[in-house]
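Q: Chain order of the listed sequences is X, F, R, L, S and P.
Heads up, the first sequence is in the numbering used here, so the first residue is 767 and it goes up one at a time.
Heads up, the second sequence is in the numbering used here, so the first residue is 767 and it goes up one at a time.
Heads up, the third sequence is in the numbering used here, so the first residue is 767 and it goes up one at a time.
Heads up, the fourth sequence is in the numbering used here, so the first residue is 767 and it goes up one at a time.
Heads up, the fifth sequence is in the numbering used here, so the first residue is 767 and it goes up one at a time.
Heads up, the sixth sequence is in the numbering used here, so the first residue is 767 and it goes up one at a time.
Worth flagging that the hints you see were computed from the coordinates, not collected in a lab.
Please read all numbers here as calculations on a predicted model, not as lab measurements.
One or more of the hints may lead you astray.
Repeated chains share a single entry, so a pair holds when one copy, or any two copies, can fit it.
With a cut-off of at most 16 Å between alpha-carbon atoms, the simulated EDC-like pairs for lysine to aspartate or glutamate come out as follows [what the hints assert, rightly or not]: (1) K820 <-> D787; (2) K813 <-> D787; (3) K827 <-> D864; (4) K813 <-> E781; (5) K783 <-> E796; (6) K820 <-> D788; (7) K813 <-> D788; (8) K896 <-> E847; (9) K820 <-> D892; (10) K783 <-> D864; (11) K827 <-> E865; (12) K794 <-> E847; (13) K858 <-> D788; (14) K896 <-> D864; (15) K827 <-> D788.
There are 6 protein chains.
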Amino acid sequence: MVMVKMVEYDSASPEVKAVFDDIMTTRKTEWINNFWKVLASQPSTLKRIWTNIKEVMAPGKLDPLTKEMLYVAVSVTNNCEYCIHSHTAAAKAKGMSDEMFAELLAVVGLANETNRLANGYQIPVDPQFKPY
Amino acid sequence: MVMVKMVEYDSASPEVKAVFDDIMTTRKTEWINNFWKVLASQPSTLKRIWTNIKEVMAPGKLDPLTKEMLYVAVSVTNNCEYCIHSHTAAAKAKGMSDEMFAELLAVVGLANETNRLANGYQIPVDPQFKPY
Amino acid sequence: MVMVKMVEYDSASPEVKAVFDDIMTTRKTEWINNFWKVLASQPSTLKRIWTNIKEVMAPGKLDPLTKEMLYVAVSVTNNCEYCIHSHTAAAKAKGMSDEMFAELLAVVGLANETNRLANGYQIPVDPQFKPY
Amino acid sequence: MVMVKMVEYDSASPEVKAVFDDIMTTRKTEWINNFWKVLASQPSTLKRIWTNIKEVMAPGKLDPLTKEMLYVAVSVTNNCEYCIHSHTAAAKAKGMSDEMFAELLAVVGLANETNRLANGYQIPVDPQFKPY
Amino acid sequence: MVMVKMVEYDSASPEVKAVFDDIMTTRKTEWINNFWKVLASQPSTLKRIWTNIKEVMAPGKLDPLTKEMLYVAVSVTNNCEYCIHSHTAAAKAKGMSDEMFAELLAVVGLANETNRLANGYQIPVDPQFKPY
Amino acid sequence: MVMVKMVEYDSASPEVKAVFDDIMTTRKTEWINNFWKVLASQPSTLKRIWTNIKEVMAPGKLDPLTKEMLYVAVSVTNNCEYCIHSHTAAAKAKGMSDEMFAELLAVVGLANETNRLANGYQIPVDPQFKPY
Numbered sequence: 767m768v769m770v771k772m773v774e775y776d777s778a779s780p781e782v783k784a785v786f787d788d789i790m791t792t793r794k795t796e797w798i799n800n801f802w803k804v805l806a807s808q809p810s811t812l813k814r815i816w817t818n819i820k821e822v823m824a825p826g827k828l829d830p831l832t833k834e835m836l837y838v839a840v841s842v843t844n845n846c847e848y849c850i851h852s853h854t855a856a857a858k859a860k861g862m863s864d865e866m867f868a869e870l871l872a873v874v875g876l877a878n879e880t881n882r883l884a885n886g887y888q889i890p891v892d893p894q895f896k897p898y
Numbered sequence: 767m768v769m770v771k772m773v774e775y776d777s778a779s780p781e782v783k784a785v786f787d788d789i790m791t792t793r794k795t796e797w798i799n800n801f802w803k804v805l806a807s808q809p810s811t812l813k814r815i816w817t818n819i820k821e822v823m824a825p826g827k828l829d830p831l832t833k834e835m836l837y838v839a840v841s842v843t844n845n846c847e848y849c850i851h852s853h854t855a856a857a858k859a860k861g862m863s864d865e866m867f868a869e870l871l872a873v874v875g876l877a878n879e880t881n882r883l884a885n886g887y888q889i890p891v892d893p894q895f896k897p898y
Numbered sequence: 767m768v769m770v771k772m773v774e775y776d777s778a779s780p781e782v783k784a785v786f787d788d789i790m791t792t793r794k795t796e797w798i799n800n801f802w803k804v805l806a807s808q809p810s811t812l813k814r815i816w817t818n819i820k821e822v823m824a825p826g827k828l829d830p831l832t833k834e835m836l837y838v839a840v841s842v843t844n845n846c847e848y849c850i851h852s853h854t855a856a857a858k859a860k861g862m863s864d865e866m867f868a869e870l871l872a873v874v875g876l877a878n879e880t881n882r883l884a885n886g887y888q889i890p891v892d893p894q895f896k897p898y
Numbered sequence: 767m768v769m770v771k772m773v774e775y776d777s778a779s780p781e782v783k784a785v786f787d788d789i790m791t792t793r794k795t796e797w798i799n800n801f802w803k804v805l806a807s808q809p810s811t812l813k814r815i816w817t818n819i820k821e822v823m824a825p826g827k828l829d830p831l832t833k834e835m836l837y838v839a840v841s842v843t844n845n846c847e848y849c850i851h852s853h854t855a856a857a858k859a860k861g862m863s864d865e866m867f868a869e870l871l872a873v874v875g876l877a878n879e880t881n882r883l884a885n886g887y888q889i890p891v892d893p894q895f896k897p898y
Numbered sequence: 767m768v769m770v771k772m773v774e775y776d777s778a779s780p781e782v783k784a785v786f787d788d789i790m791t792t793r794k795t796e797w798i799n800n801f802w803k804v805l806a807s808q809p810s811t812l813k814r815i816w817t818n819i820k821e822v823m824a825p826g827k828l829d830p831l832t833k834e835m836l837y838v839a840v841s842v843t844n845n846c847e848y849c850i851h852s853h854t855a856a857a858k859a860k861g862m863s864d865e866m867f868a869e870l871l872a873v874v875g876l877a878n879e880t881n882r883l884a885n886g887y888q889i890p891v892d893p894q895f896k897p898y
Numbered sequence: 767m768v769m770v771k772m773v774e775y776d777s778a779s780p781e782v783k784a785v786f787d788d789i790m791t792t793r794k795t796e797w798i799n800n801f802w803k804v805l806a807s808q809p810s811t812l813k814r815i816w817t818n819i820k821e822v823m824a825p826g827k828l829d830p831l832t833k834e835m836l837y838v839a840v841s842v843t844n845n846c847e848y849c850i851h852s853h854t855a856a857a858k859a860k861g862m863s864d865e866m867f868a869e870l871l872a873v874v875g876l877a878n879e880t881n882r883l884a885n886g887y888q889i890p891v892d893p894q895f896k897p898y
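Pulled out of the complex, with its shape left as it was, chain X reads as follows (with noise of 0.2 Å):
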């Protein structure tokens, strides 16, 4: 049950639609998915959650396959339902097969492992591990 009413395309704000307008362009989509439709029923958060994902998954030092691959994974430890169907289907439009996904999960599934040992022993962490 969601929170708010989802604010549909033609019954929108200009403001709300110049953000629409800015996703589908950006995108090269024809259409809104409902995280956008729902952070509509605050415009500023609108305008300041998509401008922070504009800048943040553009192409930079990783490509935006690798940076669509991590945000799957931080939304599988979150166990976030709506970030992993909707980051999952952007890494497949983007060349994730199969098979990249399954070992995605992998990692991800042995990293939580690992973690829980590392913290449930309390290891120090080695003086070779000093970043600079």
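Using the hints, position chains F, R, L, S and P against chain X.
A: Showing chains F, R, L, S and P alone in chain X's frame:
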């Protein structure tokens, strides 16, 4: 304060030494980090986890650097101090620059934010994201 | 799929009925929400948790609305669907508007982001923050 | 850096002293660990939490050692350094050997791994698991 | 919405069938639950995880029921719906009564509470808890 | 062990100095805490996060003290040591007394407990909580 006595190479049993040797050979290194010295207190766990790591982190459809960065993303989300240090060091050894690390953390941070927005608003999954 | 049978008022034991009556009197309401019907399957837990809630959520140096909003912030961070719904409803009954809810989620989202940046970079605590 | 001043027995109020005395009597010990000295900064919380601990950790259908090990499993999953140390010590005092601790951590690690595989793949619950 | 197609026994490859057969033989059951049908989409993961489960969950210094209850404690803390259902069912099959389950959840709940009090107050570990 | 070199004011680039100046002016303070010195290693992140913080933490329908306390609640739930210290200090500077802090932690602890009871019992959301 580590919870068990760490096992050093010289005083290790042959079973443990065999795993330590395999770690050093596989990784082309001459030292054993604390994670393995601690797990060696329970040789069956040492062997099982090392076997899993070797299989999961081997090159596949994802390259080893991408896998290490996914490992860092999970470790940061879970706040595992040891794992952040050890896997960041491993990722750097495989080619992650400081700028790539900064971009990785930017994605991890943003994913943790939008995960909470999606959960807090209880956003329904769009049918368009149906995986197959 | 709920893990135990919920206990309805009419078929409850006198011990459970007494807690249900106190909940309805304290909250000036005429129904019992599922959380209590489920806890009633173990009457000692029902009584213990209700006693804790009454004590912790009572007006103190923090007003009841602030306390409910803190409850929502934790529930969103942990992704507890039931708790997000029940405590958001409680906060609204105590005066939280849709705009206040949107600001609450914006803070919760951002805090989850900067928590990961702080942990990911392993930032040392400034001595100026020493509490006393 | 602890966030409040710890309350030592000699300078404690009679209300706090009464709880400290009860802790030492119940646990057949002659010292108070830091957890209680910190909670004593807010006597109502000290009393409330101690009352909860006494009730929940008392022998019931589960024996006290099993309860302590469950406490350790949660503390490791949440990465609470203080709780890992204090409840592992308590479990050892109740009979947990080093080998039992190693098995406990192996289960906790593996559970954290398969939790992410189940969430990552969004596996539907089998109807056969319906609880009743 | 499950992320991959589940593999049914009749259409499984010989490699997958061998694991399915071993699961049914080991567990003295005649059906395969969804977890394994999903993992079967990546046979190497299916085999690896089943091997881990068999080794870690086998009787050792901890009995199988205690191990299942530890599994439930972790799954509840992480809010893994599938794992809560499957491991609670497994624990019940091994003798966990409704009252034992209620006590388990009471411990898990309280541990999650005191974990946050310990972290929130940043309580220093007592030197008496030094493990060895 | 911090993962990157912190950037001090005197050796900062003009771009970083401008953000540092804005932080000190906005907060009416004369020092820069480590969080910003670390983020300054990636100026685009420094600027982006500061812009977000300024927008989200500004007075709105919620007052700045309430926002800081929500930040503390999230940081305690996630166990972010740096964030617990920095945001508790900020909340105190805005008027949070020791007693308010104690009540905040009591709510955070209890919420973490009942979150697990709700998830562990898989309690269905009451239709009465439907948000609109």
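Q: Hint by hint, note whether the structure agrees.
A: Now the hints, each set against the structure:
In this assembly of identical chains, K820 and D787 lie within 16 Å of each other by CA distance solely inside one copy; the values are 14 Å within and 26 Å between copies. With identical chains, the CA atoms of K813 and D787 are at most 16 Å apart within one copy only, with a shortest distance of 12 Å there and 26 Å across copies. Taking the shortest Cα distances, K827 and D864 sit within 16 Å of each other only across copies (10 Å), while inside one copy they are farther apart (25 Å). Taking identical chains as interchangeable, the C-alpha atoms of K813 and E781 lie at most 16 Å apart only when both belong to the same chain, with a minimum of 9 Å there against 24 Å between chains.
Taking the closest pair of Cα atoms, K783 and E796 come within 16 Å of each other only inside a single copy of the chain (13 Å); across copies the shortest separation is 42 Å, beyond that limit. Taking the shortest alpha-carbon separations for K820 and D788, only the intra-copy value of 10 Å comes in at or below 16 Å, while the best inter-copy value is 24 Å. Taking CA atoms no more than 16 Å apart as the test, K813 paired with D788 passes inside one copy only; the shortest distance there is 10 Å, against 22 Å between copies. Proximity of K896 and E847 under a CA criterion of 16 Å is satisfied inter-copy only: 12 Å between copies versus 36 Å inside one chain copy.
Neither within a single protomer nor between protomers do K820 and D892 lie at most 16 Å apart by alpha-carbon distance, with minima of 37 Å and 21 Å respectively. Taking the closest pair of Cα atoms, K783 and D864 never come within 16 Å of each other, the shortest separation being 35 Å inside a single copy and 21 Å across copies. Only between protomers do K827 and E865 lie at most 16 Å apart by alpha-carbon distance; the minimum there is 7 Å, versus 24 Å within a single protomer. In this assembly of identical chains, K794 and E847 lie within 16 Å of each other by CA distance neither inside one copy nor across copies; the values are 25 Å within and 33 Å between.
In the homo-oligomer, the alpha carbons of K858 and D788 never lie at most 16 Å apart, since the shortest distance is 22 Å inside one protomer and 34 Å across protomers. For the homomeric pair K896 and D864, the shortest alpha-carbon distance between copies (14 Å) is at most 16 Å, but the shortest distance inside one copy (37 Å) is not. Taking the shortest Cα distances, K827 and D788 never come within 16 Å of each other, neither inside one copy (24 Å) nor across copies (28 Å).
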